[in-house]
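Sequence lines, in order, name chains A and B.
Just so we're aligned, residue 1 is where the first sequence starts under my numbering, counting upward by one.
Just so we're aligned, residue 1 is where the second sequence starts under my numbering, counting upward by one.
If you're looking for bench data, these hints aren't it; they were derived computationally from the structure.
Just to be clear, a hint being listed does not mean it is correct.
Partner residues are not named here, just some residues of chain A that face chain B (Cβ under 8 Å, in silico) [claimed, not checked]:
1. I141
2. A349
3. K414
Heads up, simulated BS3-like pairs for lysine-lysine below, C-alpha to C-alpha not over 27 Å straight-line [unchecked claim]:
4. A:K350 / B:K172
5. A:K283 / B:K65
6. B:K65 / A:K112
Values in this document were obtained by computation on a predicted structure and should not be read as measured data.
Where a beta carbon is used, it is the ideal one built from N, C-alpha and C, also for glycine.
Each chain, letter by letter, is given below.
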Amino acid sequence: MEERGGFYKSVTAIVVAASLVALTACNSGDTKKSDASATPSESSTSSSQSAPSSESASPSEDPVVEITAWDLQPADSPIKALKDAQFEAFEKLHPNIKVTHIDNSQSNGREKFLTAVAGGEGPDISEPAFPDMQVYIQKGIAADITDLINSSPEKDRFIDGSFDLATKNGKIYGIPDYMYSTGLLYNKKLFKNAGIDHPPATWEEFATTAQTLQEKNPGTVGFDILGMDWADWHFEYYVWQAGGDLTELQPDGTVKLQFTSEASVKALQYYKDLKWKYKVTQKNVVQDYPENQKDFYTGHSAMILGGSSISDFTGKGMDPNDIGFAPFPVGPSGKAPSQVGGAFYMVNAKSSPEKQKAAFIYAMFFMSKEQQEYFAQFYQDNGLGLNPLTVVKDLDVTKYIKDVPADFVAAVQKAAADPHLEYYLKSSLSSYLVKPIQKILLDPNADPASELQKAQVLAQKEVIDKYNQDVLSGSAQ
Amino acid sequence: MENQLKLQLPETNQKRSRIRKKIRWTPILFLLPSIIVFFVFKYYPIFDAIYISLFNYDIINPPGKFIGFGNYEEFLSSHTFWLAMKNTFIFFILSLALVFWVPIVQAVFLSNIRRFNGFYRVLYQIPSVLPVVAGVLLWKWMYNPDRGLFNYLLGKIGLGPYGWLNDLHMTKLAIVLPGFFASGGVGVLLYYAAIQSISSEIFEAAKIDGCGPWRRIGMIILPNISFVILIQFIGFMSGVLLSFDNIFVMTQGGPADASLVVALMIQKTAFVQSRFGISAALSFFMFIVIAILTVIQFRLQREED
Chain A
1 MEERGGFYKS VTAIVVAASL VALTACNSGD TKKSDASATP SESSTSSSQS APSSESASPS
61 EDPVVEITAW DLQPADSPIK ALKDAQFEAF EKLHPNIKVT HIDNSQSNGR EKFLTAVAGG
121 EGPDISEPAF PDMQVYIQKG IAADITDLIN SSPEKDRFID GSFDLATKNG KIYGIPDYMY
181 STGLLYNKKL FKNAGIDHPP ATWEEFATTA QTLQEKNPGT VGFDILGMDW ADWHFEYYVW
241 QAGGDLTELQ PDGTVKLQFT SEASVKALQY YKDLKWKYKV TQKNVVQDYP ENQKDFYTGH
301 SAMILGGSSI SDFTGKGMDP NDIGFAPFPV GPSGKAPSQV GGAFYMVNAK SSPEKQKAAF
361 IYAMFFMSKE QQEYFAQFYQ DNGLGLNPLT VVKDLDVTKY IKDVPADFVA AVQKAAADPH
421 LEYYLKSSLS SYLVKPIQKI LLDPNADPAS ELQKAQVLAQ KEVIDKYNQD VLSGSAQ
Chain B
1 MENQLKLQLP ETNQKRSRIR KKIRWTPILF LLPSIIVFFV FKYYPIFDAI YISLFNYDII
61 NPPGKFIGFG NYEEFLSSHT FWLAMKNTFI FFILSLALVF WVPIVQAVFL SNIRRFNGFY
121 RVLYQIPSVL PVVAGVLLWK WMYNPDRGLF NYLLGKIGLG PYGWLNDLHM TKLAIVLPGF
181 FASGGVGVLL YYAAIQSISS EIFEAAKIDG CGPWRRIGMI ILPNISFVIL IQFIGFMSGV
241 LLSFDNIFVM TQGGPADASL VVALMIQKTA FVQSRFGISA ALSFFMFIVI AILTVIQFRL
301 QREED
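Go ahead and model the full structure; you've got the sequences and the hints to work with.
Here you go:
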């Protein structure tokens, strides 16, 4: 538990640091006028002039290194123009690094990635999410880039603790890419129609608010719940709000399931009530998360849970002034932690040292001050709404979030003040937890406690017993 | 010299004969590319899967630790596997009841249509031109309980609303149902061709003897096209037992594992949990199951013949 506790402390530190960066607007020491409105190539040129040696342009006599990056944006992406311009700028700056960009933006990206890795065709650089990063480090997919990071003067530009989630046994495996916190997203317009002027703050208030929203906005649902095969993702928030967690890491490294804890049962009972007692969810409770998002930005749903990246909705045409963000309503515990999410740049452990170095240079290019500012400016210019959290100290986010409503920014800061990581062993246990959640949402007679009990027995037998056995015998990493 | 010549002649003929035999490998040369492709993309993965199934597969340093039949023992003792097996066979029975016979009926009707026969044959082929995933997505949209077409139309006549894919008891039926409406394709043509190959004299004689349409189907048509039915059944059986795409697109095995089938479990084990060893073991197990069922089917058919 100490290890987990320490881990949480570092997560809290990272998010607080990220929030502070956004809040304090570190203008004082930054005399350099922002060149973010410049074209990326101009920006990159300035980067090459001001960047330290490790980030400077590759000398033309260097041998050409070809790398593959899974970062191509699909044609309908609102940031396609931005990324394409950045790719072009990188090519100009580093003519000896040829990058093949591949689109991996589909929902089955994880599967595609693992297939490629298993086939020896994994990309040289990729951007896995936090929970995946931890799995990939454990499986040896992520390259140890400690030396590259430590020799880079850019390292100090990242906020304190930002490497922690990609660090194991003192070795660094990832470069922080971005970070977000989660909370309640609500449609201000629908709230106004219903005569409600503030987001719900408690479970009870949430349910009644959703009911009122439905009544006053015919044809809409109060809340799009997540019941698809990622259902445990949002469900864990409710367990936290009820004062528990779904797994507990023991001091000896073994894992104890908490599916049947009082908090888990209360959380699932609340899910059941939202669906069957208050009747405030959509009928298609097993729809995909993108469909939940679509319901939200098309005004079919008044509330959903999601990340602090407002661009997910503004990019689809939603007016930023209609988007409200709030910390989750508190549950019986009186608390409502926010999940910390984000991604790292990860270098392929199987790539040659030359490719690994090239991939590192590539990732650091995007994290350079100039590219971060160009990125932020693009978001502002296109009304996409920048995520108020950042992983670098020298990006003055406040300059680029003028289009983001002030209350949204304040709510993101507030939500981020109490961060929480996803439950331990999520990738192995997810399918076991989704079953009782879906059962509760689809069968009014299903009992939360007994469904969770069944799931726990099964998960214990098929996952935990073996995992703990491996931990105790020393074969699990 | 003459004797030598006489002695050499038969040898020369033998050589020529051998050469002629050797020359016959020309067709093999033509077949070679497809044989190579078949081995590379069919047999090599099968044998590789058998090999992988014996390891606790490590995707970074393959093949990992040798564990013998450990993967097989693990999935055979797993509740999830037996649930997936049960679901797989329920899908098979549902498909058999709702889908398999449809092309046979269509072909029987088609064989009795004289006017616009070609037009109807084309009509039956059109659904098979539509990509499977596109068709499944269309059905998924129509099943949507919030905004789907089915609940809307059924609501007009006072029925529903139904949960379709959101109903634990209706999910399997909802997944199989598109097969009932959109079956046909090549199957219809095969059955139709088989029916056409039955001598018209047999039908004429049966009619004269007072044999009605149902008896003609049961006593003449079905026995005469039984081999085509068998071949189609074997393809159908392996197709259903390994069905993946329609279930993956519609429910991904949900809700609450109501549509979890073995093929989906193979995919999830490999690409979600990155446990390629156990996934390969599952694949090989299904290969054996289907092979056994196919052999049984052939033997039963032989006994009937």
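For each hint, the structure was consulted:
{"no.": "1", "hint": "I141", "in the structure": "holds, 6 Å"}
{"no.": "2", "hint": "A349", "in the structure": "holds, 6 Å"}
{"no.": "3", "hint": "K414", "in the structure": "violated, 32 Å"}
{"no.": "4", "hint": "A:K350 / B:K172", "in the structure": "violated, 43 Å"}
{"no.": "5", "hint": "A:K283 / B:K65", "in the structure": "violated, 47 Å"}
{"no.": "6", "hint": "B:K65 / A:K112", "in the structure": "holds, 24 Å"}
Consistency with the previously given hints fails for numbers 3, 4 and 5, ordered from lowest to highest.
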